[in-house]
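Chains P and D supply the protein sequences, listed in that same order.
Oh and the first sequence: position 6 is 6 in the working numbering, straight run, nothing missing.
Oh and the second sequence: position 820 is 820 in the working numbering, straight run, nothing missing.
Take the hints with a grain of salt, since some may be wrong.
Stated by the list, open to error - Derived DSSO-like pairs (lysine-lysine); straight-line CA-CA distance at most 30 angstroms:
1. P/344 to D/1030
2. P/344 to D/38
3. D/1104 to P/344
4. P/137 to P/74
5. D/1030 to D/333
6. D/178 to D/190
7. P/365 to D/1030
8. P/377 to D/174
9. D/1104 to P/339
10. D/1030 to P/339
11. D/412 to D/743
12. D/190 to D/174
No lab work stands behind these hints, which were simulated from the structure alone.
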Amino acid sequence: MRLVHAADIHLDSPLRGLDRYDGAPSEDLRIATRRAFVYLIDYCLEESVDGLLLAGDIYDGDWQDFNTGLFFVKQLARLRDGGIRVWAVLGNHDAASVITRQLRLPDNVTLLSYKSPVTSVDEQLGLAVHGQSFARKDVGEDLAAAYPRALPGLLNVGLLHTALAGRPDHAPYAPTTVDRLTSKGYGYWALGHVHRAEVVSRDPWIVFPGNLQGRSIRETGEKGFVVISSEGTEVTGVETVASDVARWHDLSVDVSSARNADDALTLVLRALDATAGASKGRLVAARVRLTGRGPVHTVLVSDLAATEANVRAAAADASGDVWVEKVVVQTLPEVDLEKVRERKDALGHVARAVHGAAGDPEALKALAEELRPLLEKLPSGLGEDGRLFDASEPARLEAFLSEVEATLVPMLVEVEERP
Amino acid sequence: MRIDRLELAAYGPFTNVSIEFDREIGLHVVFGPNEAGKSSALRAVSDLLFGVPTQTTDNFLHAYDALRIRATITARDGRTLDFVRRKGRSGSDLLDASRRALARDVLVPFLGSAERDFFERSFGLDSRRLAAGAMDLLQSGGDVGRAVLQATSGLSGLSARLDAIEAAAGELFKERGKTQPINAALSRLKELEREVRSDSLSAETWRSLDEELAHVRREAMRLADRRTANDVEQQRLSRIRQALPILARRTLLMAAVERLAGVPLLAAEFDATAQAAREELLSAAAAEAGLASDLTSLEEEVSKYPAVGPILLRGTEIEALHQECGTMREFRKDLPKRDVELREATAQATRLAAEIVPGLGLDALLDEVPRRPVRRALRASAGRARGLRDDLAREERELATARESIRAAEAKLASLGPAVDPAPLARALRDAERSGDPVESLGKAEQAEKRARKALDEALASLPGWAPRGADPLAALPVPGDALVDSFQKRFSDLETAERDLENERRSLASQRSGHESERRNLAAGGTLPTRAAVGAARETRTKGWTLVRRVYVEREPGAEDEARLFDPERPLVEAFERSVETADGAADRLVDAADVAAKDAELSRQLREIDEALAGCGRRAEELAVRRAAAEHEWRAAWPAEGVAPGAPASMKEWLRARSRTLERLDAFRGATAEVEAASSALERARVSLVSAVALVRPEGPPPPAAYPEAETFVEELRRALEKTSAERGKLEATIEAATGKAGAREIAVAQARTALEEWKTSWAEEVRPLRRSPTVSTEEVEAVLDACDEFESVAGKVPGLRDRVKKMQDRLEEFAASVGTLCADVAPDLQRTDAVVAAGTLFERLGAERAAEGKRVLARENLVKIREKLAKESKRSETARRSVEAICREAGCAGESGLPARLAEIAEKRRAVKDLGEAESDLLAVGAGRSPSDLATECADVDGDALPALLEKARDERTALDEEIGRLHKREGELGQSLEIANGGDVAATRGQEAASVRARIEEDARRWLRLRASAFLLRRAIDGWRKENQDPLLVEATQLFSSLTKGRFVSLLAEVDDHGDPVITAGRAEGRHVPMAGLSDGTRDQLFLALRLASVRRYAKDAEPLPFIADDLLVSFDDSRAAAALETLSEFGKEVQVVLFTHHRHIVDLAKAHLAASAFRVHELLS
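Extracted from the complex, chain D is given alone in its bound form:
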């Protein structure tokens, strides 16, 4: 495919710029000086073919949706397409010439399967990538694979990536490594698996431990049995040794017991019992004799007491009379007092009786005096009469008070005048309160209006020169919109940027120029330069010499020697030839040295020319910018009204417009505030009128409210309060009258009732006073006086009968006492018959006491006699009992009488001791015999040799020690086994190791997986690169050889893939004279040429199999010197006959070089002007 025509209709800085790529022309040089848009044009080619990216930067002049690139392209098979690319989604961004959408795949016949990346990498080349490719050739030592890859694909990272992958794999695992993670983990896993095995308890181990433990336990039990038997034998021998002396003692004691067989064996207590019985017998006999003597003495004493007298016989009577003596003495003292008291009471009662009922005697009145209930009723009736009279008086007083209240209230009510309703006033005030304070509202509105006016004035003042015109004209002023101002601002800003950039560029160029000139002057100071013609002449001489050598020495041509002499008359041919070789080589070497200086000078000269051109371009662009600025300023002024505003810079005018907007906003605010003031004034007037109407309604004839509003409101408020107060007072008075009238009515009824009750009492009173033998109208006070007299009479007259009776009784008792005493004295003490009765009774009583004392002593003596007789009987009985006890003891001890008892008691004690010792000996034997009877023990010991016992015991002890040791050993082993089994009792040591091993396996697995992937990746990538090399190496090198030769102007004639010292295939370049040079032996420029040759060869190979794409070179030759650049231009123009070549450049000298070295028909220059 080739591009016939490219039209940058609207793209980057371009508008309707088109380039015609003539088919006959091999090389198209698109020259775009700086800022002309060369880079945009380059991008346009890719965007044309593959679409405009979403985030393009080429929309700074044309909006996204306006971007357009149009082209006519021709495929190798001759088909053509005229189409437009616009920005948009894939499928809708291709249009035909008539702006109709084209199918998405319409470009496939022209592009094949190529995509943007591929196109830009494989069919695009710039100086930077050229240099990088050449450098890679050097660094890889000309590694064919990499070179081929680089040259053919533009992929420089594949090899590096391969190296990185292999390194990453190597860090994970090495076949003979130890420290790499996988190697280390494999070792650790083996260790852990060993540990799992060693920490595991096998079933067999457990079983054998278990079985051994059982065996050890059985053995230990068997030995324990033997030890027990040994213990038994030791005990037997010990027993026998202890028992032998005890058995001997036992035999002696048994003989003693036998000897005392006839003596009874009595307890030790028997001795004491026998002794006590003997002592009791003696004691009882002595007591019995003493008591018999006492009895005789007492019987003699009793017989001496006399018989009983008459006073003692009548003791009871004497005691009774003596007891009455006190009473008789009292009577004799009291009797005269009581007699006087009786006489006084009789006289007072007689006087009171005459007051109560005149003429009636004391005793008659006692029966007739009114009794207490009658007296209580009369007193109550008199009290009731007093209450009735008090009630009547009180009711009459209250009736008078009520009537006075009514009169006073009626008088006050009459003084208040007619009633008035204050409700309309209250309503008007309520309405006013609801609508707020109209005066305050008006005040606030006026303040707000003032503030708005001030703000407006300030805003107007901020618009320079506008204030006198006022706000309204400002609102009407036609001004440009923000968008327009923004667009002008951007336009002026762009202009400034362009002007600044241009100036910077100009200064930079001037500086570069000065530097280059200085450098050139330095070069010129280095001396004259050798010529190429001189070198050519020397080489010709050398060639001629070689021809002569061949002719003389190899071909042995006749006559040749003569020519040889002519070649150098002064030297033999061989020497002359060698000299010519040296001369030619020396000249060539000097030329090479000089060529560098020449090339540098040429380069500086070329660059100076470029700088001059660029400076001229700067001048032209400055003029263009001045024109554009003038136009912009003119349009800017036209956008504003002719009068009123003098437009400044867009930025300042944006600020002016913002100030205008603010002013207009404040104008609106001021107008609103004025309207608010008017509304508040109206509200105030409405409120005042409402108050005046209310006052007129309530009080038509009174004075009207004041004209000012707040005073009017106060007036109405006070009026309302006064009316409400009067109304309340009237209500209170009316209520007072009503209450007093009701009260007076009730009191009148009460007065009438009280009078009736008093009359009824008078009637019943007349009846009640009749028993007092008084008038029916007698006063209550008089009746109450009579009643008091009745009370006193009853109290005094009541005592008289009692007093009479008491005096009589005392007199009778005194007489009776005297008679009794007289009679008794006549019987028992005639000497007292003439003595006062009371004195006589006392004397008799004293005589009775003396007689009673004598009688007491006699009775006591008789009682002692009885007691002694009882004691004597008791002691006789005790003596008998003691005698019987002694007889019984003698019988038990087996002796005839009390006299033989002491000897017998001694024998009994001896036998008792022998029996006790025998018992103890047998007890000792029982203790020693461990349950055996003494006779069994005696039998056991019968035949034992006591002297052999110690040796036997020693032997048994030794055997016991041996058994202990063996049992101890077994127990230790049992403990060990138990411990082993305890340790092996379900522990998790092996399980823990197992888990750890699983973790390490997980690590290995993960790392291994990663290694396998890395290794496989490296393997596949290496293999793919190698395949690509093999596939491309030979044809590519063949193609590249021709191009390389062309680019080097025949200095190099071949490219070979050779094997280096490491066995890797590397590229070498063959010089024209046949020597092959490795990469390191090539100059930088030659390596650049080699890389370009490889790249062009790759494009050519691609074109053989697929639809070719244009080869786009971007300032590819800037690092080439003129001669290499010229050769490259020639090669490219030739190459362009197969594949379209478009060379974009900033540099004028490339254009000049083309013009100088290429035929006019071989290339075409297209100048870009945005």
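Extracted from the complex, chain P is given alone in its bound form:
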């Protein structure tokens, strides 16, 4: 028997952070999550697998277009026509979605109840699927605790949307432990919720397949689903299959050896070429992070718009389609900021004043007022964690001011009038 295990499809969730700049690849991003899902369905049909397990988060919670649900139904209907059964549980996003409540699923789909754990047995396949959907977005209790013991003579699969005992960047919904899961005697735990693929255990198999398509720079690397092979009641093999149509990379390029901007761009292009090659023809969505301490720092930071445009132009020359999500200049100046601050002259004073602003409540208040006109117009949810600029958190403010200092002070040193 062969089963496919996928999770966290987040249909119609946009790829975030990709500004459609001049010279960006012509790739159509809009339905990347759909294309990844269609790939999954195509795979099931072409390989004639015996069943598909969906471990939650089919939709994005706040997405309201019912067309998304209808698209989902159409795809599952293809599996029905191909004689392939589907078992699914709802995740936190699905529980919050208005689509879930109204949608009628094809009859090959077994959507496991949110009221209590359910066991669905397919005698023909020799398979028992146990699972429970999320009743609401924030399920805080251990759902797995109430799952039944394994049924004898069948391959037992647990379908669960959970963060286990906690995973970075993921809400701790339906918390549980590996011991708890092991104690049920199942052959395979098909988990969802965590977007990074992870084989948590091999005996029994406890697997997060990750999401089908990375949607932002927080979801880098290969994305796809898992194919489970079994003989009788035993899982004999687990392999991953990539389904992503665009692949995210957080690319750090050390430009400390660059003497000028051209050198730096050559290094960037080299790194982009390597990444494009490793992505096997997929669109690469790359964050280009320029690092290292060197003479090129001042050139890069003194006109960040030009630096960004140059990096994007370099990406257009790369050997594959590369979409530069963002250019982050994290280079360090050759000048020692500490020493600049020790100087007795005006520059030292300026450097000290810039550096000291972080600890000056009055300055920070004035700074907040300075930045207010834009901040109060910006839409919410900008920034990777939804907080683009938050003066209320000292660590963030400090990081922001450090960044400003590292950009500003070397630039001032550069423009000094030399005798």
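Since chain P is already given, all that's left is putting chain D on it; use the hints.
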């Protein structure tokens, strides 16, 4: 910190140049005319304190590792340090006086935290930066922040940078902007979010569409049912309308059928059957009567034929004899021929028998003649004897041939003489071939030697005047090395450059001088100049007038009015005072105008003096250069050998040295080529000797090879070929003899065997010829003749018995035939008894034929009779059958006899038509009745009013049309809803908008991040500059006021920070008389003085809190006029008591000014001489 002593031990153009900076002296003027190394000395101060840069340009005289600057410095706390700075890595470039390394931080107590940039910017000032600072003061309107920043830090770019940052932020976003990228993107995002909402299909919308669609479908189905019922009713009414006339016709037909109830209902075919039966009956009766008449006639004819005769009875015998007639005729023709043939054969056989065995008769010999196998054996034996005799003759011939071959070969071998081995010759030739052609090698070596000699001669010829001396002395000649030549070349080149520069400078100075003199003459033509004393007198008068005014009108001092009258006897005091004010101001104004001309003249005069000094300096330096050139030329000549070479310029001598090297290389090549020629000669001789030895070994007594090499080699080669040919021929002859001897042996044996075989045959032959009754030695030819006779006898005698038998048999058959014919004729035709048997047999046969023809006719008549009788019986039977058929038809039609049949058939046809029409009427009813029986239909129509039917039908049709319309409307709505749901069937329009919105958000995020950084940068920078201003403004202005007053000689007495029209703090300068002047109101020179005052104030403030560094001024005063320069020198010498001041200058008049205006103890001049 101050520098007590600076020693430029090896730096730039300096070697062991030292300057002592006396502590008591406030101002040190370091005077270095052009080319004296003033700039290098300036750099040396920075390099001394902060290290020599990796890429210094001050190594043109001293190598990098030889660079040294030494100094003694004293900190404010009194500690001193004597140290040396050399070029090297930080930490190893400081040495003490004993050349021991000093710690890296040894200078910290003297320098504090100052670094090179800071030192050069804050403690160094030159005229260019002074002018730039003053200009910035003007352009910023005296912006305090900028002025303070500039003056205190030397940073001119900070403000510009701040402006650029703010501009960049403004390009990205403005609070009330629309077109800036962020503003525009925010608007676009809102639009997209609206579109996402409008393009999204809500679950409720979908559900309501879905539900409405279900409702519409249900309603459409209900109306469709009603429409079906309407259709049914319409069909019923139509049916009834159609059925009513058919039902009436049916009733009439049913009555007709009833009336013909007694008549059987027979099929239409019955009529034809009845008619056919009647016709058959008539036909059969007529045929029967005809046949009976024919029978009677034929019976009469048969009775007339006669009975059978004797010839017909013995027909078989007659036919047999007739058949034998042909054979009998043949026998009668053949018999005489066969008789003659028998007699001839008997005679020939008898003759042959006498030849084979004389005396034995024909028949006896037939038994005794030798049979064919015996004859074949005898013939074979005779053939074998011929073969044996042929074999013997052939072998004997071949034996003789072999013996002749041996004899001839032995004779030829004897003529070849003894054998000789050519191998030594072959070996010698092979060796020679392996070592190549020695003659060619020698030739090539000699050619190479010739070429080398020529090249050497050419090279020698290229060295002027050297050729006669030859190459060897050239090799031995001591010449200077390349490095030395290079150093002289550089030295001469430097000298030339210096001489050229000096000449250029001199010409430039002369030109400047001429220009200045011309300008001065023009100034002198402008008239006399007002004096300062006249202005002072006018001002005193004005002051006196003011004092009197106060005393008379304010203080009302008694007696003052008298003095007032004395002040101007001709005018009242007030008028006189006003006049004095006008006079003083007018004089001052004229003085100001005149002062400019005076200043210009003074400046030109000063510059002329400087130019003269510079020209004198040029003269001195020209002399120095001449001395240096003479020394260099002397040393250059000394570097070359006294004889043989006359040294020219270093460049040409470098070329001479290169030519010498080339010549020496060619000398080496020539020597090598000579050695090659000698080696090739030896090789040739060795090869020749080797060939001679080989010939002597092979043929000691023969003539030796020729002395020349190639001929010797040809000789040996030919000799080798001749010897090899003889050797090969000898081998061939020996092989021939051996083969012929073997062959002769074999032939001798074969001859003996052939003879034995012939003897053995003779013995067996004697036995074989015995049956022929011949001698045992009879020849094979004779035996073969007898055998041929036997063959012929056997052929002829064999025919005789057969011929005898055949003649006999023919005679017997002829006799037998004649007897049979005779007997038959006697029985049946006595008239033929004497006729030839064969003729009689033919006649009998003809008579038999005639009788047989008559018998045939009789038999045919009898057969016809039988056939007619059979036909008659058949027709009688047919007639009976037809009669029975007619009777049966009458019974079926229900009539008594054949005569009533036609009337009955008419009734049957009528009934059949009525029944058929009734059936059709019912069929019509069935067609109209849609499955109903005619009786049901009749029942359905029984009570219907036919006249009301059209109205009822019309009503039903109207109702149907209304239903159609309503159903159409519902279907349309169903289509619309289906389309809506189809459009909403998983499309990605909203998702696309969502992605676009995400892209715009990304753009906003990126731009916002950038704006925030820019804005924060601008904010922090503005705030820092403002802080610096606040911190420094007041103390700096206080300090600067005193310095400014000193620099302006009291013309200005205060500096204030005031707020301008825009609310920004700006600097104003207060004149001695109290008026405050904004920046724009100050002259250029005064702004220069103000900037210098601010800078010195900044240095002074720094010195209050930290270890001061020397203030290094680089030709700071070149743009000052003499009076301002003098004031500046005074101020600097005073300032130098707090902070060491070193003023570097190119200009002699600055030195002169110092000498003219300062006390000797206030300054010291140090002249630089590299």
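Structure-based check of each hint:
Distance hint between residue 344 of chain P and residue 1030 of chain D is fulfilled; the C-alpha atoms sit about 16 angstroms from each other, no more than 30 angstroms. Under the criterion of a C-alpha separation no larger than 30 angstroms, the hint pairing residue 344 of chain P with residue 38 of chain D is consistent with the structure, at around 29 angstroms. About 12 angstroms separates the Cα atoms of residue 1104 of chain D and residue 344 of chain P, which keeps this hinted pair within 30 angstroms; it holds. For the hint pairing residue 137 of chain P with residue 74 of chain P, the CA-to-CA distance comes to about 25 angstroms; that is within 30 angstroms, so the pair holds.
Taken as a hint, the residue 1030 of chain D and residue 333 of chain D pair is broken in the structure, with Cα atoms around 182 angstroms apart against an allowance of 30 angstroms. A threshold of 30 angstroms between alpha carbons decides the hint, and for residue 178 of chain D with residue 190 of chain D the separation of about 13 angstroms falls inside it, so the pair holds. Of the supplied pair hints, the one linking residue 365 of chain P and residue 1030 of chain D holds, its CA atoms being roughly 20 angstroms apart against a limit of 30 angstroms. Between residue 377 of chain P and residue 174 of chain D, the direct Cα distance comes to roughly 11 angstroms. Compliance with the 30 angstroms bound is thereby established for this hinted pair.
About 22 angstroms separates the Cα atoms of residue 1104 of chain D and residue 339 of chain P, which keeps this hinted pair within 30 angstroms; it holds. Between residue 1030 of chain D and residue 339 of chain P the alpha-carbon distance is near 24 angstroms, which keeps this suggested pair within the 30 angstroms criterion. Taking the CA atoms of residue 412 of chain D and residue 743 of chain D, the gap is near 19 angstroms; set against the 30 angstroms cutoff, the hint holds. At roughly 18 angstroms between alpha-carbon atoms, residue 190 of chain D and residue 174 of chain D fall within 30 angstroms of each other, so this suggested pair holds.
When each numbered hint is compared with the structure, a violation occurs for hint 5 only.
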